[in-house]
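Enquirer: Chain residues, written in single-letter form:
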Amino acid sequence: MTIETPKPSSVEIDEVKLKLADALAGVALEWSEFRDQYRVVFPATELLKCLNAFKSAGFEQLSDLTAVDLLEYSNATDRFEIVYCLLNVDTGLRMIAKTYLNEPDLTIPSATSVWSGADWLEREVYDMYGILFSGHPNFKRLLLPQEFQSFPMRKDYPVKGRGERHNFPVITRAES
Amino acid sequence: MATQINKQLGDNVFLTTLDAAASWGRANSLWPMPFATACCGIELMSTAASKHDLSRFGSEVMRFSPRQCDLMIVAGRVVMKMLPVLQRIWLQMPEPKWCISMGACACSGGVFDTYAVVQGIDRFMPVDVYIPGCPPRPEQLIRGIIDLQEKIQKGGTINAREFKLRILPEGPPRFDEDELIRIRERNGFKLDDPTYDPVH
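Protein sequences, first through last, are from chains A and B.
One point on numbering: in my numbering, the residue at position 59 of the first sequence is 59, and numbering is uninterrupted.
One point on numbering: in my numbering, the residue at position 44 of the second sequence is 44, and numbering is uninterrupted.
None of these hints come from the bench; they were simulated from the model.
Treat the hints with care, as some may be off.
Derived DMTMM-like pairs: lysine to aspartate or glutamate, alpha-carbon spacing no greater than 25 Å straight-line [to be verified]: (1) LYS164/B / GLU175/A; (2) LYS81/B / GLU175/A; (3) LYS81/B / ASP127/A; (4) LYS49/A / GLU81/A; (5) LYS160/A / GLU170/B; (6) LYS155/A / ASP113/B; (7) LYS55/A / ASP36/A; (8) LYS154/B / ASP14/A; (9) LYS81/B / GLU147/A; (10) LYS151/B / GLU175/A; (11) LYS155/A / GLU185/B; (12) LYS49/A / GLU12/A; (13) LYS81/B / GLU164/A; (14) LYS160/A / ASP113/B; (15) LYS81/B / ASP78/A; (16) LYS140/A / GLU124/A; (17) LYS7/B / ASP19/B; (18) LYS81/B / ASP19/B; (19) LYS49/A / GLU72/A; (20) LYS140/A / ASP64/A; (21) LYS151/B / ASP11/B; (22) LYS51/B / GLU170/B; (23) LYS49/A / ASP14/A; (24) LYS7/A / GLU33/A; (25) LYS160/A / ASP70/B; (26) LYS151/B / GLU139/B; (27) LYS81/B / ASP70/B; (28) LYS81/B / ASP119/A; (29) LYS81/B / ASP156/A; (30) LYS164/B / GLU150/B; (31) LYS7/A / ASP22/A.
Selected chain B positions facing chain A (Cβ under 8 Å, derived; list incomplete) [as the list claims (entries may be wrong)]: (32) ASP113; (33) THR114; (34) VAL117; (35) GLN119; (36) PRO169.
Derived list of chain B stretches under chain A, where covered just means 3 residues or more per stretch with a C-beta under 8 Å from a C-beta of chain A [unchecked claim]: (37) 29-36; (38) 79-90; (39) 149-161.
These figures come from a predicted structure and were not determined experimentally.
Every residue, glycine too, gets a C-beta built ideally from N, C-alpha and C.
The shape of chain B in the complex, shown without the other chains:
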């Protein structure tokens, strides 16, 4: 059927689905919202600057208003006082939107395993692409953005219905192994005790 129509129309008309057309457009014009709180933010700036030139991949239009953006790049550690701000900015962004967690601190808390630092933003908000590194090189951020573009082109829909399926929290549970370790330490167990297994 499609080939018959193609034969009749020749190269004058291009047939595709609305989903694919919308995703193609979205993937190649991502507008990042830089949520830069630490040294990853310097790498993010370097990525956008002339040497690495993020505009080669269609996502150089950094906007500091969440209303104008569709890609949040969380670059740096997020402390417990900042997390409500981060969540609020995320909720202010219009659909469709994606989130990149850039660097060890945003992904897992990094070396900052203290009372004030959130141990990975994915515990409290959805994340699409994780970029490891401390801080990641600009090339790694570009790779992450290319991966996100592939993800959008593969699974994107015009009315963003793929997001409606993600009804469960995607990060680790709020209380997990490191919290168990903390509770055990409070109850008098010590890590240097050879009989003490911190995980089990």
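Next comes chain A alone, as it looks inside the complex:
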């Protein structure tokens, strides 16, 4: 019995790149690499097509979905970055897929049709950043109260809030 030696991840990502170039002909993908982390930036207009292609290329698992507010980054051209951390469960290869989003239209298609695990992750991103995911089956806040007005992970939201933590009735001892 021979044990198959695993391919180095640089070879694997080259195969993925070829597959994606086939499946996403005409879509501008921007690849970069940092210490064995492979990243691809794809246009938000082709979001579902790209995500489906990533899944077909072997990335069966969405290990994380999050966002970054680039407001105070001096060299940033866009406001929000949506990050999809993908994992190929057969080979262990990981890839970070990113797309950019700008105000005023913060709506992108939901990834729940591709990976159902995106459900709570997208609700959390909405909760913290106010990014709207169209086509989500149960779209509402995940962590904060439903009546909460702001999106606290945005860089223009003060750390101490806008008085939400003080907006409660006071119970005196005689009343209780």
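Given chain A, work out where chain B should sit, using these hints.
Expert: Leaving out everything else, chain B in the frame of chain A:
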């Protein structure tokens, strides 16, 4: 008068007031309601466990139903989503009842000076004993319970009329200095500006 009666009755009858008798009983059989939300809860469990053994002080009967308790121990930070729950549990407890605010977070928000964390539960509900520490040692919690027992024995009444006098909120005002700092920061003042005095 009292001494005459004492002479007549000897050691067979013990005279006291109803208030003192009730308070003596209440102080020595506190039933805590553990409202443990963070690491203070671990110390609370340790206090009740065999090493520190809270039952030596008559308050080991932890009940997780507020209807059966008369001492609420708030151990840990309370976030804005949890505060309505805390207030509701407090209102569900029968009279007479007391509240211990255990640890820096429950007393003042501790290091969690963020939008979500309530800066001290005493802003929104009455507190009888504060225990400092992050988290407090079990000995400190026991000290707090002994202090509460003394408080009950000194001021307790049988029909709990001492609570009716506490008609004013006892904590700091809802908007105070740290909120002023926050508003000033929002208006463009910066803390690292040497001319900027955050408090005044």
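Enquirer: None of the hints should be skipped; say for each whether it holds.
Expert: Here's how the hints hold up against the structure:
no.: 1; hint: LYS164/B / GLU175/A; result: 8 Å, holds
no.: 2; hint: LYS81/B / GLU175/A; result: 22 Å, holds
no.: 3; hint: LYS81/B / ASP127/A; result: 14 Å, holds
no.: 4; hint: LYS49/A / GLU81/A; result: 18 Å, holds
no.: 5; hint: LYS160/A / GLU170/B; result: 23 Å, holds
no.: 6; hint: LYS155/A / ASP113/B; result: 17 Å, holds
no.: 7; hint: LYS55/A / ASP36/A; result: 20 Å, holds
no.: 8; hint: LYS154/B / ASP14/A; result: 79 Å, violated
no.: 9; hint: LYS81/B / GLU147/A; result: 11 Å, holds
no.: 10; hint: LYS151/B / GLU175/A; result: 20 Å, holds
no.: 11; hint: LYS155/A / GLU185/B; result: 14 Å, holds
no.: 12; hint: LYS49/A / GLU12/A; result: 22 Å, holds
no.: 13; hint: LYS81/B / GLU164/A; result: 10 Å, holds
no.: 14; hint: LYS160/A / ASP113/B; result: 6 Å, holds
no.: 15; hint: LYS81/B / ASP78/A; result: 33 Å, violated
no.: 16; hint: LYS140/A / GLU124/A; result: 9 Å, holds
no.: 17; hint: LYS7/B / ASP19/B; result: 24 Å, holds
no.: 18; hint: LYS81/B / ASP19/B; result: 39 Å, violated
no.: 19; hint: LYS49/A / GLU72/A; result: 31 Å, violated
no.: 20; hint: LYS140/A / ASP64/A; result: 19 Å, holds
no.: 21; hint: LYS151/B / ASP11/B; result: 29 Å, violated
no.: 22; hint: LYS51/B / GLU170/B; result: 35 Å, violated
no.: 23; hint: LYS49/A / ASP14/A; result: 20 Å, holds
no.: 24; hint: LYS7/A / GLU33/A; result: 18 Å, holds
no.: 25; hint: LYS160/A / ASP70/B; result: 34 Å, violated
no.: 26; hint: LYS151/B / GLU139/B; result: 18 Å, holds
no.: 27; hint: LYS81/B / ASP70/B; result: 24 Å, holds
no.: 28; hint: LYS81/B / ASP119/A; result: 22 Å, holds
no.: 29; hint: LYS81/B / ASP156/A; result: 22 Å, holds
no.: 30; hint: LYS164/B / GLU150/B; result: 20 Å, holds
no.: 31; hint: LYS7/A / ASP22/A; result: 22 Å, holds
no.: 32; hint: ASP113; result: 6 Å, holds
no.: 33; hint: THR114; result: 6 Å, holds
no.: 34; hint: VAL117; result: 6 Å, holds
no.: 35; hint: GLN119; result: 7 Å, holds
no.: 36; hint: PRO169; result: 5 Å, holds
no.: 37; hint: 29-36; result: violated (count 0)
no.: 38; hint: 79-90; result: holds (count 6)
no.: 39; hint: 149-161; result: violated (count 0)
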